Amino acid sequence: MDYSRYGEDGVRVLFGNTIDLETNREIRKFYLFLKSLHRQDIIDIIPSFKSCLIHFNNRLTSYDDFIAFLKQKTENISSVQIPEPKSHEIPVHYGGEYGPDMEFVCSYSGLNEEEVIEIHSSIVYTVFAVGFIPGFPYMGTLDRRIYAPRLETPRLKVPEGSVGLAQLQTGIYSFESPAGWRIIGKTNVQLFDATKKPYSLLQMGDLVRFVPI
Amino acid sequence: MIEIINSAWFTLVVDGGRNGYADVGVPGSAALDQFAYNLLNFLVGNENGAPVLEVMGNEFTVKVNCETTCAITGAQVTAYVDDKQITPWVSFAARTGSTIRVKQVLEGFRYYVGFSGLMNVDRVIDSYSTNLECRFGGFRGRPLIKGDRIGLKEPKVVGERFVPEEVIPAMEQPHVLRVLEGPEFHYFTSEAINRLFEKKDHSWYIVSTKSNRTGIRLEGKPLIFRKEMDKSITSEGILPGTIQVPGDGLPIFMLNERTIGGYARIGMVAKADQDRLAHLKPKDKVFFQLIGIDEAERLWRQKIELFYRTLPQ
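Protein chains in written order, with my numbering: chain A, 1 to 213; chain R, 214 to 526.
Just so you know, the hints here were simulated from the structure itself, not pulled from any lab data. One should not assume that every hint holds.
[To be verified] BS3-like cross-link-like pairs, simulated, lysine-lysine; straight-line CA separation at most 30 Å:
(1) 423/R to 157/A
(2) 494/R to 157/A
(3) 157/A to 444/R
(4) 366/R to 196/A
(5) 366/R to 197/A
(6) 434/R to 157/A
[To be verified] According to the in silico footprint, chain A covers these stretches of chain R (three or more CB under 8 Å from chain A):
(7) 237-244
(8) 339-350
(9) 376-385
(10) 441-450
(11) 480-486
(12) 489-496
(13) 509-523
This structure is a prediction, so every number in the text was calculated from the model and none was measured. Glycine included, every Cβ here is placed at the ideal spot set by N, Cα and C.
Please take these sequences and the hints and turn them into a complete structure.
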């Protein structure tokens with residue numbers, strides 16, 4: 001773990017330089033452990049692929065004191081038990097009006113639509129991070145055969161529930177939003193409910209399988 | 214109750230922000246000028262964290278249907294209660310039926326209008342702030358429009374309070390923003406970095422009209438990436454005030470609506486200067502000044518002291 005400072009009130013904890021499940025599992029453990037402490041001086045924790053960004057309250061603690069606490073607390077983190085991730089099945093309407101980029105993904109990969117659907121829905125994905133917009137899951141790892149680059153010019157709007165892919169990731173637009181990923185389908189599952197804790201259906205580490213409908 | 218007669222260009226319910234759920238992508242959506250926001254609640258005698266209105270544009274007009282103390286902070290404006298001109302950063306009493314009108318913004322961009330008593334708006338995930346993209350919080354998750362009515366719980370008239378003139382922040386452009394190095398500072402050539410912080414005529418940027426509450430885009434000379442560096446990063450957490458540089462080399466100030474970003478983070482606006490971001494309007498000139506962490510912390514302590522000096526002991 002490599003600690004560095006992110007502005008006056010941020011700590012960036014870097015766990016590695018590659019995107020892989022092992023690194024992400026370590027980050028998840030660190031993040032859940034830290035969260036379980038319910039510290040007043042922690043405003044937010046943002047876990048992602050390679051790092052955990054901690055926003056601390058610099059009115060309550062200093063960077064030096066906070067780092068000292070982090071190092072001491074996480075010394076024996078390997079023995080910490082964390083809950084198992086949940087598994088989810090997400091039904092998806094692939095292609096047609098729901099997947100404006102299906103044609104592009106087919107031509108880019110040289111596969112036909114059935115093959116793209118078969119490949120996309122045959123993998124159990126891991127949620128590496130949730131963010132960008134509330135409830136948006138960054139999931140991996142996509143099969144290389146359906147790799148597709150991001151749009152050069154992002155769309156100004158895609159509908160809520162749009163399922164997209166970019167490079168070796170796949171994700172679901174939890175709200176209508178601007179989007180740079182290739183959209184291949186749409187789900188009706190509500191990913192974020194601001195009226196009910198824990199608000200986001202998918203949490204970091206959860207497992208997701210897409211089911212074609 | 215208050216009733217919006219003219220919502221100016223854009224009016225939004227905001228508060229101190231929504232914290233604790235950035236891990237599932239919930240952004241802060243806080244008032245962009247926290248200094249002006251916090252002092253506004255002090256002026257009208259509300260508790261910390263009460264909702265207020267964040268307004269952009271001229272001719273904001275609101276009718277007050279009760280006796281309450283009001284105030285305006287943030288951008289420099291000319292304002293009236295009925296026919297009487299009022300001074301921003303000083304509280305004033307409004308009678309039942311009074312109309313408060315902000316005629317013109319003179320300097321800065323966003324101003325804040327507050328009332329004694331609690332506005333009856335939606336508190337969602339521990340905050341009154343509006344999340345525009347997800348349409349929750351504040352007034353039904355949307356900007357205010359003409360005819361909207363908001364109830365005021367326990368409005369009251371409190372004694373006059375004011376913010377001393379020397380405490381009111383300057384907002385004139387060019388804006389000089391002090392910044393700290395970000396995690397991808399080294400992604401850029403030393404020529405690009407040197408030019409960025411030179412503070413000469415060729416090193417300023419102009420605020421783009423494509424800016425919004427998510428990010429402020431800048432126009433000017435593109436920053437050059439070192440040849441060996443990728444033009445994007447693996448998506449990672451960001452905090453308000455992060456300066457991202459996409460492949461086109463033009464910096465973007467990220468405000469309070471994103472938790473994760475995928476572009477190189479060249480730097481972060483020092484906390485002491487983050488409120489200033491609320492006042493960058495399209496076509497304004499912006500300069501960057503690189504500072505170290507010790508200087509940033511000193512400036513922040515200074516700002517906090519200034520804030521508390523204003524409050525009654």
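Given as covered by chain A, does the region 489-496 of chain R meet the bar of three residues or more with CB within less than 8 Å?
Contact hint for the region 489-496 of chain R vs chain A: violated, 0 residues under 8 Å.
Given coverage of the region 480-486 of chain R by chain A, checked by CB-CB distance under 8 Å (3 or more):
Result for this restraint: holds, n = 3.
Whether chain A covers the region 237-244 of chain R (at least 3 residues having a Cβ closer than 8 Å to its Cβ atoms):
Held - the region 237-244 of chain R has 4 residues with a Cβ nearer than 8 Å to chain A, which meets the minimum of three.
Coverage assertion for the region 376-385 of chain R with respect to chain A, Cβ distance below 8 Å, three residues required
violated (count 0)
Is residue 423/R close enough to residue 157/A, meaning Cα to Cα at most 30 Å?
With Cα atoms ~15 Å apart, residue 423/R and residue 157/A stay inside 30 Å; holds.
Could you grab the alpha-carbon distance between residue 494/R and residue 157/A and see if it respects the 30 Å cut-off?
Roughly 24 Å between the alpha carbons, so the hint for residue 494/R and residue 157/A holds.
Outcome, coverage hint (the region 509-523 of chain R, chain A; C-beta under 8 Å; three residues):
holds (count 4)
Decide if the proposed pair is consistent with the structure: residue 157/A and residue 444/R, CA atoms, cutoff 30 Å inclusive.
holds, 24 Å
Between residue 434/R and residue 157/A, is the straight-line Cα distance small enough, at 30 Å or below?
Judged against 30 Å, a Cα distance of about 29 Å means the pair holds.
Within the assertion that chain A covers the region 441-450 of chain R, do at least three residues meet a Cβ-to-Cβ distance smaller than 8 Å?
holds (count 4)
So if I understand the rule, the pair passes when the alpha-carbon distance is 30 Å or less; does residue 366/R with residue 197/A pass?
holds, 27 Å
Pair hint residue 366/R and residue 196/A, alpha-carbon separation not exceeding 30 Å:
With a Cα-Cα distance of about 26 Å, the restraint between residue 366/R and residue 196/A holds, given a limit of 30 Å.
Checked against the numbered hints given earlier, this structure breaks hints 9, 12; the rest are met.
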